[in-house]
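Visitor: Going line by line, the protein sequences match chains W and L. For the first sequence, this note's numbering assigns the number 8 to the initial residue and increments by one for each residue that follows. For the second sequence, this note's numbering assigns the number 8 to the initial residue and increments by one for each residue that follows.
Treat the hints as calculated values from the structure; they're not laboratory data. Here the structure is a predicted model, which is why all the values come from computation and not from measurement. A portion of the hints provided could be inaccurate.
Said to hold, decoys possible - Here are the computed lysine-lysine pairs in the DSBU-like style, where the Cα-Cα straight-line distance is at most 30 angstroms:
#, chain 1, residue 1, chain 2, residue 2
1, W, K115, W, K76
2, W, K115, W, K151
3, L, K115, L, K156
4, L, K155, W, K76
5, L, K76, W, K151
6, W, K115, W, K26
7, L, K76, W, K155
8, L, K26, W, K76
9, L, K76, W, K26
10, L, K115, W, K76
11, L, K151, L, K26
12, L, K26, L, K156
13, L, K115, L, K148
14, L, K156, L, K76
15, L, K151, L, K115
16, W, K76, W, K148
17, W, K76, L, K156
18, W, K115, W, K148
19, W, K156, W, K26
20, L, K115, L, K26
21, W, K76, L, K151
22, L, K151, W, K115
23, W, K155, W, K26
24, L, K115, L, K155
25, W, K156, W, K115
26, W, K115, L, K26
27, W, K156, W, K76
28, L, K26, L, K76
29, W, K156, L, K76
30, L, K26, L, K148
31, W, K76, W, K151
Unchecked claim - Residues from chain L that keep clear of chain W, each with C-beta distances beyond 12 angstroms, as calculated:
#, residue
32, A9
33, E19
34, V30
35, R69
36, R73
37, N75
38, L150
Glycine residues also receive a C-beta, built at the ideal position from the N, C-alpha and C atoms.
2 protein chains.
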Amino acid sequence: MAFEIDEQFMREALREAEKAAEVQEVPVGAVVVANGEIIARAHNLRETTGDPTAHAEILALREAARINKHWRLTGMSLYVTLEPCSMCAGALVLARIDRLIFGASDPKAGAVGSLMNLVQDPRLNHRVEVTAGILGDECGKILKDFFKKRRAGMKYEP
Amino acid sequence: MAFEIDEQFMREALREAEKAAEVQEVPVGAVVVANGEIIARAHNLRETTGDPTAHAEILALREAARINKHWRLTGMSLYVTLEPCSMCAGALVLARIDRLIFGASDPKAGAVGSLMNLVQDPRLNHRVEVTAGILGDECGKILKDFFKKRRAGMKYEP
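One chain only, chain W, in its complex shape (with noise of 0.2 angstroms):
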């Protein structure tokens, strides 16, 4: 049950994905929920705002934070399509997020795993919880799909 509810939220996450390629960004997408419900979504917009910092995941934890009127969202949840790299993964720890949940690894950034695990380092004064892979496949597919589109020298079309 708890394992359907994930993947529904990662749905969520990947139609967020779907809307950066659809403006050529590469396809990262977001939500946050609070008591069940999804308070804030977001899309990797880097290129389009020219924010190095407008990550799928800051994006949402600054929305979350904006509605919850507070910088602490102690209770809540991420959802993310590919795993967090270090600049997210210590902004889920500042945030005091209870719960990540991520579909696809990153071997070459990925800051829950990967390379280092950062929102469990028992030196921080926060530890997130942690579940991976849910919707893993579909997640890492559009990624692939976009990338390989972009070598190809098309645009991506979702």
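Given the coordinates of chain W, assemble chain L onto it according to the supplied hints.
Guide: For chain L alone, kept in the frame of chain W given last:
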């Protein structure tokens, strides 16, 4: 000479830290320098904005990218009064900042030498040159004074 220039820019970062203290924020300040000139300056605004990512470094990087009209900040330096946390260290790598200069070390959460060194991780696709300890005593003192007064139940008066 380079040392004097670093001190000069760190003094501007300290001015930003003072502005944070004036609004009861943990006093950390940052400036971004391009071609020998400050193009962005910011201070910690986590409580004021309610944004968990509103550290001085993130705000300064975002402002620099806005001025630069691109997320890639090659050739630029970031000066910050406190050793960056993992979120901010990750953001410096993503923004392709050339050089990081910081004042005081952060033994509890510092990710540029204290707990780890994210900006010089050979597995990531960019590395940052680091100079530590510029005006370190002054940068540390403003933080110590802030927390001392806060523990005593007094507001910080810079």
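Visitor: If a hint holds in the structure, say so; if it doesn't, say that too.
Guide: A quick look at each hint next to the structure:
no.	hint	in the structure
1	W/K115 x W/K76	35 angstroms, violated
2	W/K115 x W/K151	14 angstroms, holds
3	L/K115 x L/K156	20 angstroms, holds
4	L/K155 x W/K76	27 angstroms, holds
5	L/K76 x W/K151	28 angstroms, holds
6	W/K115 x W/K26	23 angstroms, holds
7	L/K76 x W/K155	27 angstroms, holds
8	L/K26 x W/K76	23 angstroms, holds
9	L/K76 x W/K26	23 angstroms, holds
10	L/K115 x W/K76	27 angstroms, holds
11	L/K151 x L/K26	16 angstroms, holds
12	L/K26 x L/K156	16 angstroms, holds
13	L/K115 x L/K148	16 angstroms, holds
14	L/K156 x L/K76	41 angstroms, violated
15	L/K151 x L/K115	14 angstroms, holds
16	W/K76 x W/K148	36 angstroms, violated
17	W/K76 x L/K156	26 angstroms, holds
18	W/K115 x W/K148	16 angstroms, holds
19	W/K156 x W/K26	16 angstroms, holds
20	L/K115 x L/K26	23 angstroms, holds
21	W/K76 x L/K151	28 angstroms, holds
22	L/K151 x W/K115	38 angstroms, violated
23	W/K155 x W/K26	18 angstroms, holds
24	L/K115 x L/K155	17 angstroms, holds
25	W/K156 x W/K115	20 angstroms, holds
26	W/K115 x L/K26	38 angstroms, violated
27	W/K156 x W/K76	41 angstroms, violated
28	L/K26 x L/K76	26 angstroms, holds
29	W/K156 x L/K76	26 angstroms, holds
30	L/K26 x L/K148	15 angstroms, holds
31	W/K76 x W/K151	37 angstroms, violated
32	A9	26 angstroms, holds
33	E19	22 angstroms, holds
34	V30	15 angstroms, holds
35	R69	6 angstroms, violated
36	R73	7 angstroms, violated
37	N75	8 angstroms, violated
38	L150	16 angstroms, holds
Hint compliance for this structure: hints 1, 14, 16, 22, 26, 27, 31, 35, 36, 37 are not met, and every other hint is.
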